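**Q** Please put together the full structure from these sequences, using the hints given.
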Amino acid sequence: MAGLGLAGRNLLTTLDFTPAEVRGLVDLALSIKAGDVRPDLARKVLGLLFFNPSVRTRMSCESAMARMGGSSIAVTAGKDTWQFECREGVVMDQNTQEHVRELAPVMSQFCHAVGIRKSELITTSSSTATATGTYEEIRGDDFIRRFAEFSDVPVVNFESNTYHPLQGLADSATMVERLGDPRGKKYVLTWAWHLKSLPAATPHSQMISAANLGMDVCVLRPEGWGLDPEIMGATRERVESLGGSLSETDDIAEAYRGANVVCAKAWAGLDYYGRFDQEARDKEGLRKDWIVDEAKMDLTDDAFFMHCLPVRRNVVVTDGVLDSPRSAAIQEAGNRLWTAAAVLAALTGAA
Amino acid sequence: MAGLGLAGRNLLTTLDFTPAEVRGLVDLALSIKAGDVRPDLARKVLGLLFFNPSVRTRMSCESAMARMGGSSIAVTAGKDTWQFECREGVVMDQNTQEHVRELAPVMSQFCHAVGIRKSELITTSSSTATATGTYEEIRGDDFIRRFAEFSDVPVVNFESNTYHPLQGLADSATMVERLGDPRGKKYVLTWAWHLKSLPAATPHSQMISAANLGMDVCVLRPEGWGLDPEIMGATRERVESLGGSLSETDDIAEAYRGANVVCAKAWAGLDYYGRFDQEARDKEGLRKDWIVDEAKMDLTDDAFFMHCLPVRRNVVVTDGVLDSPRSAAIQEAGNRLWTAAAVLAALTGAA
Amino acid sequence: MAGLGLAGRNLLTTLDFTPAEVRGLVDLALSIKAGDVRPDLARKVLGLLFFNPSVRTRMSCESAMARMGGSSIAVTAGKDTWQFECREGVVMDQNTQEHVRELAPVMSQFCHAVGIRKSELITTSSSTATATGTYEEIRGDDFIRRFAEFSDVPVVNFESNTYHPLQGLADSATMVERLGDPRGKKYVLTWAWHLKSLPAATPHSQMISAANLGMDVCVLRPEGWGLDPEIMGATRERVESLGGSLSETDDIAEAYRGANVVCAKAWAGLDYYGRFDQEARDKEGLRKDWIVDEAKMDLTDDAFFMHCLPVRRNVVVTDGVLDSPRSAAIQEAGNRLWTAAAVLAALTGAA
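Protein chains in written order, with our numbering: chain C, 518 to 868; chain D, 518 to 868; chain S, 518 to 868.
Simulated from the structure, these hints should not be mistaken for lab results.
Please read all numbers here as calculations on a predicted model, not as lab measurements.
The reader is advised that the hints may include incorrect statements.
Put simply, identical chains are the same to the list, so a pair is met inside one copy or across any two.
Below, in silico cross-link-like pairs of lysine to aspartate or glutamate (EDC-like), each with a Cα-Cα straight-line distance of 16 Å or less [said to hold, decoys possible]:
1) LYS805 <-> GLU654
2) LYS713 <-> ASP669
3) LYS805 <-> ASP767
4) LYS550 <-> ASP818
5) LYS713 <-> ASP836
6) LYS550 <-> ASP840
7) LYS805 <-> GLU653
8) LYS550 <-> GLU801
9) LYS713 <-> ASP610
10) LYS550 <-> GLU694
11) LYS805 <-> ASP610
**A** Right, here's the structure in full:
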């Protein structure tokens, strides 16, 4: 096969790729899943740098490498490693012990690709969130961007503060499988109430996953919980170039009506970063109305349900929806494996 | 080769397998050890979910996969992962973040088999034990049983509250190696004094390991430290069907006399679960008499000594016994590798 | 190929190998790097036992195994494992749970080689050091030596209290690459000021790395920060047998003058072990003068700069030196991969 021509590229967000390149990755994933393409990564090594816990992302990527004959080496930052620095010209006599100017080229020599998860809001805590700064301060994803700058091998974003492209690609693959041609179909990304203040990276990449397919994308969220305006703008530009649309609303019934896909996700209001106790109080009244349940799903055009998992049952979505044939959540999680395989094969030049 | 016909089966306890199936696994293990059978698990992935620390089980299973060409992905629950829920219909607005109804089918899509260690009493603490409930409350092994229910791939028990079948199979293989035909031989499982209250899973599976070989099995323990009556009953039924027997005693000299195998293990009295401080006081007087030493071994019919390791020297067994040719402990630990290989190959259909 | 004849050997320090054997390992590393030699370790397993955090050592060795077709299993002592005992005849009723007399032969049966990192002073703390004893008490490296005694497979020192031979070999390979024939060239190992009291294993092995090449080795350090006198003696004997020399000085300008290689490393004064607060006070005045900067490098004979990484920028070395073509630090770190591959291939008999 000719190859996708993506060897050596980084994947920080699919917005850095053309729609045709994104579609190439999705189609490659489905071909690998079907057994039609078998990329060979024998004796190739994926380095993984985790600043946060991970189940699905880590297992899907390690499994993808192993099934293609390769290996993974996962290190947990701050526990297996030192603290990293990414500012320029700093006198390193405080807490940081290794500069990304060394870390990135060194890992580049040991690995054929590097995956990095670094998000302020991913923790194993069941309720408490903390952030080192406002959303404006952390939205630059400095560490992974600087790492990519000094790396000689492809860098894959395993979830940053702004994007989670591997989730987005799995969602795109699932919609292609379920819908065939998703153009003209209505995709609703609905905010969900949750105990904890969760990161915006996944909903950003989910919104983009539908935009990359040229769908009619509707972001349903309460006032005050809008997504990143700059990313909304880039997404609108992307989706309109493909004949689709991007809208926002807080009208629940209006959004569900006629939907072909309902994707639920909890996320923190961007203005609440650093003051999550306030958010908890302000969103208390939203719990009752913002769960995905059978009544809301009945408003749709026989929509299927998506969620990135893990999901709190009967909080974000009812058992009735999640255990019904309407739910694509397990299929969607399974597609994490095949899209990871596609990305790793394409960026290392094996496909 | 024809294969053992165990593809797709779960291994929670060998009592779920027929004696012929168990013997098939033992013989396969010894054939792999001898180099006569070389199962191929290239590009196959074993997922490992550890709720507790593990050295021998983890290293033997990962090594078995690697030697057969496959890979392992180990995640530590609660550290790498979220907290898991396995109750039905629960509103997940407390500590649990992911339901086994999602976790199991998702891991099934990433892995060709899944190993789970989840025991209340395995910790790295050198002296303190805690339990979340009475033995009656935890003996159901809810998590692993529910996981197996929702998994699409074989689930292997890496030690639960009640069983540790991989240890049992290694013990069976060691006895076959040492005794040839173990039928009619006397096997003594002796309780040992220990600082800490240890789980009953290993002694249960060790008792069963001898029962599966049709031996005359004697459980030697102080009054108050009997094993699970229901498991004792199932073991008696198993061993009698093979022409052997199961007895219990607290008479040390009587038990050792004529023994062909002495297997030592410390375990907590089942009635002490949740009140281990009381157990520590009640067993203080037992320390002196319940160590395995040369004098006791001299009562036997030239028995060899078994222990699952790790072992506290000169507490559970004397240096004199452990460093003598009578000790099979190192051989027994080595057989963890080959029995793990047999189980993983058989359940995934590679043997 | 004939092979290096090192199969089955342990690597605790390169001083245990002849200069010809060391040079064989360095040349093998450069041949693997060039793609001229491709050792095959398919289905071979490296066991890794970490008592301390590790990035470069772990990733380079795991990557080396993976690139040669093999696998690694890393366990973290005290977290994944129990506490280990290595004294003889002890009644193990305190904190230790497993004796090295069991641990080593058991791991030997699971793995084809074992790497062990056990150092008192390697922690992720950015400033605080603690030691369980004086340097005299810990310089024996009891655990790894006892493990090697009871192991049936090669044991590789991944950094002990006294030696870090994998770093030393990478340094030797880098100097051979940069200098061709290093004999007669001046190598300066300079002490550097650092917030924290760091171990002496790396500077010992770095000094030896130049000695193994027959260079003129100069150890530049303040009074009171001399390296281990016994290791200095063995190094002097080694280097003089190869026509080189070993000297010590605290005269900074004199040491840099005419140097062909400047290798910087911070280490704790051996007399300060166990009283590091005192060391911090006593070395305060040294910070200004002991950094590697452009002015000092200008005194050399166009020397290149080495550092084992991680390095605190503008504390140990200035950005000006580290970001210049004079720096070999990235190349040196890259050579960790190839020297690890050479060691693992040679000791397991694959080269």
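**Q** If the cutoff is 16 Å on CA atoms, where do LYS713 and ASP610 land: within, between, both or neither? Let me know, please.
**A** Classified as between: cross-chain Cα gap 10 Å, same-chain 35 Å, threshold 16 Å.
**Q** Can you tell me if LYS713 and ASP669 fall within 16 Å by alpha carbon in one copy, between copies, both or neither?
**A** neither (37 Å within a copy, 31 Å between copies)
**Q** How would you label the pair LYS550, ASP840 (within, between, both, or neither) given a Cα cut-off of 16 Å?
**A** neither (24 Å within a copy, 45 Å between copies)
**Q** When no copy is specified for LYS805 and GLU654, does a C-alpha distance of 16 Å or less occur within a copy, between copies, both, or neither?
**A** Classified as neither: same-chain Cα gap 32 Å, cross-chain 34 Å, threshold 16 Å.
**Q** At 16 Å max between alpha carbons, let me know whether LYS550 reaches ASP818 within a copy, between copies, both or neither.
**A** For LYS550 and ASP818, the Cα distance exceeds 16 Å both inside one copy (28 Å) and across copies (59 Å).
**Q** Between copies, within a copy, both or neither: which fits LYS805 and ASP610 at Cα up to 16 Å?
**A** between (51 Å within a copy, 13 Å between copies)
**Q** Between LYS805 and GLU653, at a C-alpha cutoff of 16 Å, which is it: within one copy, between copies, both, or neither?
**A** neither (30 Å within a copy, 38 Å between copies)
**Q** At most 16 Å between alpha carbons: which applies to LYS805 and ASP767, within, between, both or neither?
**A** within (15 Å within a copy, 61 Å between copies)
**Q** Taking 16 Å as the upper bound on the Cα-Cα distance, should LYS550 and GLU694 be classified as within, between, both, or neither?
**A** Cα proximity of LYS550 and GLU694: one copy only (11 Å, versus 44 Å across).
**Q** Which holds for LYS550 with GLU801 at a C-alpha limit of 16 Å: within a copy, between copies, both or neither?
**A** neither (42 Å within a copy, 60 Å between copies)
**Q** Can you give me the call for LYS713 and ASP836, within, between, both or neither, at a CA distance of at most 16 Å?
**A** neither (20 Å within a copy, 42 Å between copies)
Going through the hint list in order, the structure does not satisfy hints 1, 2, 4, 5, 6, 7 and 8.
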